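*Asks:* The residues making up each chain are set out below.
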Amino acid sequence: MVSLWHTSFIVLVLLFLGGSHANPAARRHGQLDVNHKKQPLQTSRPYNIAHRGSNGEIPEETAAAYLRAIEEGADFIETDILASKDGHLICFHDVILDATTDIANRTEFAGRKRTYDVQGFKLTGWFIVDFTLRELKSLRVKQRYNFRDQQYNWKYNILTFDEFILIALHADRVVGIYPEIKNPIFINQHVKWSGGKKFEDKFVGTLLKYGYKGKYMSKDWLKKPLFIQSFAPTSLIYISNMTNAPKLLLIYDTTVPTQDTNQSYYEITSNGYLAFIRKYVIGIGPWKDTIIPPKNNHLGLATDLVARAHALNLQVHPYTFRNENSYLHFNFHQDPYAEYEYWLREIGVDALFTDFTGSLHKYLEWTAPHQNKEKKCRGPPA
Amino acid sequence: LPVRLTCVCVRACAGVVVAAALLVLGCASSGATARPLVGAAAAKQPLQTSRPYNIAHRGSNGELPEETAAAYMRAVDEGADFIEADIVATKDGHLVCFHDVTLDDTTDVADHKEFAARRRTLQVQWANVTGYFITDFTLAELKTLRVKQRWSFRDKSHDGISPIITFDEFIDIALNAKRVVGIYPEMKSPVFINQHVKWADGKKYEDKFIATLKKYGYGGKYMTKRWTERPVFIQSFAPTSLIYAADLTDSPKVFLIDDVTVRTEDTDQSYEEITSDEYLDYMREYVVGIGPWKDTVVPPTRDNTLTTPTDMVAMAHARGLQVHPYTYRNENRFLHYNFRQDPYAEYDYWLNDVGVDGLFTDFPASLRRFQDWTAAKN
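Chains as they are written, first to last, in UniProt numbering: chain A, 1 to 382; chain V, 1 to 378.
Source of the hints: derived by calculation from the structure; they are not laboratory data. Source: prediction; values computed, not measured. No residue lacks a Cβ here, since even glycine has one placed at the ideal position from N, Cα and C. Take these hints with a grain of salt, some might be off.
Interface residues of chain A toward chain V, partial, derived using beta-carbon atoms under 7 Å [stated by the list, open to error]:
#1 G56
#2 E57
#3 N146
#4 D149
#5 E324
#6 N325
#7 F330
#8 H333
#9 Q334
#10 S359
Pulled from the structure, derived: some chain A residues nowhere near chain V, Cβ distances all over 10 Å [unchecked claim]:
#11 A99
#12 D102
#13 F109
#14 K142
#15 R144
#16 N157
#17 L169
#18 Y280
Below, simulated BS3-like cross-link-like pairs (lysine-lysine); rule was C-alpha separation at most 25 Å, straight line [as the list claims (entries may be wrong)]:
#19 V:K148 to A:K295
#20 V:K156 to A:K295
#21 A:K202 to A:K37
Take these sequences, add in the hints, and give me the full structure.
*Replies:* The structure is reproduced here in structure tokens:
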């Protein structure tokens with residue numbers, strides 16, 4: 001059944017690409033000329049990570065959102081991987097379907113509403129782990145935020161991890177992927193796979209199946225760029241023997257302990273812990289307001305987290321950058337470009353997760369230094 | 001030739017001169033402050049005329065309370081070409097910078113118990129408005145008030161600090177800037193003002209407005225040497241005020257046009273009438289441009305996306321009239337979805353697709369950045 005989804009989806013993707021405004025010459029080459037070299041990943045400036053695709057414009061984590069992100073120049077397309085009841089890996093952010101699908105209107109599923117414990121909190125809703133892939137595919141996705149464009153609601157369905165990867169691989173330039181091992185504790189509690197495999201095994205298995213491998217900046221990696229992210233350090237450590245692809249430890253707010261090891265923010269951002277996790281990850285992905293805590297919607301004093309991470313040769317990829325003024329501290333005068341400028345030029349982070357990859361791309365292009373300036377060096381050599 | 005084409009040539013030449021001047025200054029300078037050229041008078045960096053005008057609408061009021069000295073000086077710092085103000089009159093006939101006829105939304109008047117009895121209801125453009133009317137306060141009384149940020153979603157940390165400024169003070173800010181900064185004052189609510197404020201010498205509001213400009217040496221047709229040294233656009237929604245002013249000064253004037261449902265306050269004419277071919281032909285004798293509400297130039301749908309543009313810009317440009325739409329704001333609630341909540345995408349569309357000649361913006365810094373960054377690419 002999975003291969004049927006594959007083939008039909010490849011056809012759909014190629015048809016969709018046929019209708020896009022991407023460079024027609026390059027596209028024809030990509031399909032016909034096996035020797036055609038794709039435009040490579042840029043590595044001379046911070047990475048533009050399309051957080052959940054171009055979800056500022058199109059419902060998150062849909063094919064359309066990812067294709068738009070690629071059109072708009074994203075370096076990486078990012079996704080959250082969860083699992084369905086029958087063990088398929090899918091792209092979806094929440095463990096419940098309520099906020100971003102039409103599940104509430106589906107009378108056939110009315111009886112499946114549940115309350116489960118998720119990371120120490122009771123949550124009620126329609127849980128993704130209670131639905132098979134076929135059932136999930138019958139749902140339609142909507143824009144999460146009511147202040148964003150609603151015109152694409154109910155048009156698209158949920159993607160599988162495979163479909164997400166195929167979108168990246170079929171782009172007419174090299175586009176990296178940035179999948180997250182999402183809620184692994186919860187998933188492994190509710191979904192069981194045969195052969196004693198668990199969620200992390202399936203996650204890496206999918207990547208290996210599509211040929212993703214190689215250390216950061218290696219030849220293999222540059223052909224198929226990949227970052228694996230997770231809030232759960234044990235998941236990252238677990239998979240370290242299965243793949244040498246670069247991994248990032250996500251760090252949440254200062255009040256939230258890790259879901260697997262129950263460690264506090266202060267512990268996992270201490271020098272000792274960073275030196276330890278440095279054996280397994282190439283960087284950290286913190287919530288931006290913990291790097292520079294705000295006060296009355298103005299930036300407060302910056303912590304030393306970026307300096308300490310960089311001193312240990314850890315990259316810093318903060319999240320999440322959004323254009324809407326309700327997300328912008330007043331220092332930026334409601335101008336998302338001012339926020340990009342501050343984080344990339346003053347704070348000097350190595351990548352940004354953004355809901356508006358098109359805007360970040362424009363910022364990077366318009367402010368690109370001359371070609372003869374030195375390339376920014378990042379991370380250890382291959 | 002339409003006036004606009006001629007101006008493009010002049011602007012291009014001026015642009016080359018500016019670029020050359022900046023190169024020379026750049027080579028001559030070292031460190032943070034440029035040394036003045038030996039023997040030359042300290043010539044101010046001139047107004048740029050090679051690209052659409054960046055008009056700081058009520059100053060940099062996205063950041064600071066509107067129409068205060070701080071908002072205007074910030075706008076100058078941020079690179080605005082023009083600073084814009086609404087001129088109304090006090091009870092004792094002084095001209096001040098203030099947008100509303102009532103003080104309620106942008107001052108702390110409600111906290112001043114001594115003025116509590118002055119709250120009343122008057123008719124303003126056929127509607128009843130209740131509040132503290134600026135025309136019921138002397139300048140000295142107004143100066144005891146403090147201005148606040150109008151919008152709840154903007155930075156309110158500068159509330160209660162700045163007073164209302166006079167037209168004179170506004171002009172001073174422009175003239176004291178280190179580079180040439182133009183002014184863009186509006187003859188605001190002239191019908192209401194002339195109803196409620198009388199001047200002893202029999203002069204009326206428009207006379208006082210123009211006299212202030214002349215006192216500071218503003219004059220000269222658009223793009224004359226005199227004008228480029230003291231750039232000014234006089235704007236108004238009231239055509240008779242502009243026509244009246246045309247007898248007093250040859251400074252360039254811009255005819256503001258409100259939404260499709262709003263009639264002119266002085267001549268009670270409809271939107272259709274004042275945007276007709278005949279009317280634009282008529283006004284062309286008195287103004288160099290129009291200032292429409294942007295949603296009438298490219299109307300949006302109820303779902304907040306743009307529909308087909310009207311032909312207003314083409315009609316204006318065909319008559320040599322500039323188009324300066326209002327108002328451009330960064331907050332996503334003001335941005336149609338086509339712009340993906342990106343104010344720079346909105347600037348791009350209006351300047352490069354629609355092709356207007358100036359933008360009234362609450363965020364001159366953002367517009368300046370957009371223009372600088374994309375100029376390099378050209």
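*Asks:* Would you mind marking each hint as holding or not holding in the structure?
*Replies:* Structure-based check of all given hints:
Checking G56 (chain A) against chain V: minimum C-beta separation of about 6 Å stays under 7 Å; hint holds. Using the Cβ-Cβ criterion of 7 Å, the hint placing E57 (chain A) at the interface with chain V is satisfied: the shortest such distance is roughly 5 Å. Given the 7 Å rule on beta carbons, the hint for N146 (chain A) is violated: about 12 Å separates it from the nearest Cβ of chain V. Nearest Cβ of chain V to the Cβ of D149 (chain A): about 4 Å, under the 7 Å cut. The hint holds.
Hint status for E324 (chain A): holds, given a least beta-carbon distance of 4 Å to chain V, under 7 Å. The closest approach between the C-beta of N325 (chain A) and any C-beta of chain V is roughly 4 Å, which is under the 7 Å cut-off, so the hint is satisfied. With a least beta-carbon distance of about 4 Å to chain V, the hint placing F330 (chain A) at the interface is held under the 7 Å criterion. Of the supplied interface hints, the one on H333 (chain A) holds, with its beta-carbon coming within about 5 Å of a beta-carbon of chain V, less than 7 Å.
With 7 Å as the threshold, the beta carbon of Q334 (chain A) comes within range of chain V, its nearest partner Cβ sitting at about 4 Å, so the hint holds. At a threshold of 7 Å, the smallest CB-CB gap from S359 (chain A) to chain V is about 5 Å, leaving the interface hint in force. For A99 (chain A), the condition that its CB be more than 10 Å from all CB atoms of chain V holds, with the nearest at approximately 19 Å. For D102 (chain A), the non-interface assignment is confirmed: its Cβ lies about 19 Å from the closest Cβ of chain V, beyond the 10 Å cut-off.
For F109 (chain A), the requirement that its beta carbon stay farther than 10 Å from each beta carbon of chain V is met, with the minimum near 29 Å. With a closest Cβ-Cβ approach of about 14 Å to chain V, K142 (chain A) is found to remain outside the 10 Å limit, as its non-interface label requires. Taking the minimum C-beta to C-beta distance to chain V, about 14 Å, the non-interface status of R144 (chain A) holds against the 10 Å cut. Distance check on N157 (chain A): its Cβ is at least 22 Å (rounded) from any Cβ of chain V, clearing the 10 Å threshold; non-interface status holds.
With 10 Å as the threshold on Cβ separation, the claim that L169 (chain A) sits away from chain V holds: the shortest Cβ distance comes to roughly 26 Å. No Cβ of chain V comes within 10 Å of the Cβ of Y280 (chain A); the nearest lies about 37 Å off, and the non-interface call holds. Simply put, K148 (chain V) and K295 (chain A) have alpha-carbon atoms about 20 Å apart, close enough for the 25 Å limit, and the pair holds. For the hint linking K156 (chain V) to K295 (chain A), the alpha-carbon distance of about 13 Å falls within 25 Å, and the restraint holds.
Distance restraint check for K202 (chain A) and K37 (chain A): the Cα-Cα separation of roughly 31 Å exceeds the 25 Å cut-off, and the hinted pair is therefore not satisfied.
Of the numbered hints given earlier, the model fails hints 3, 21; all others are met.
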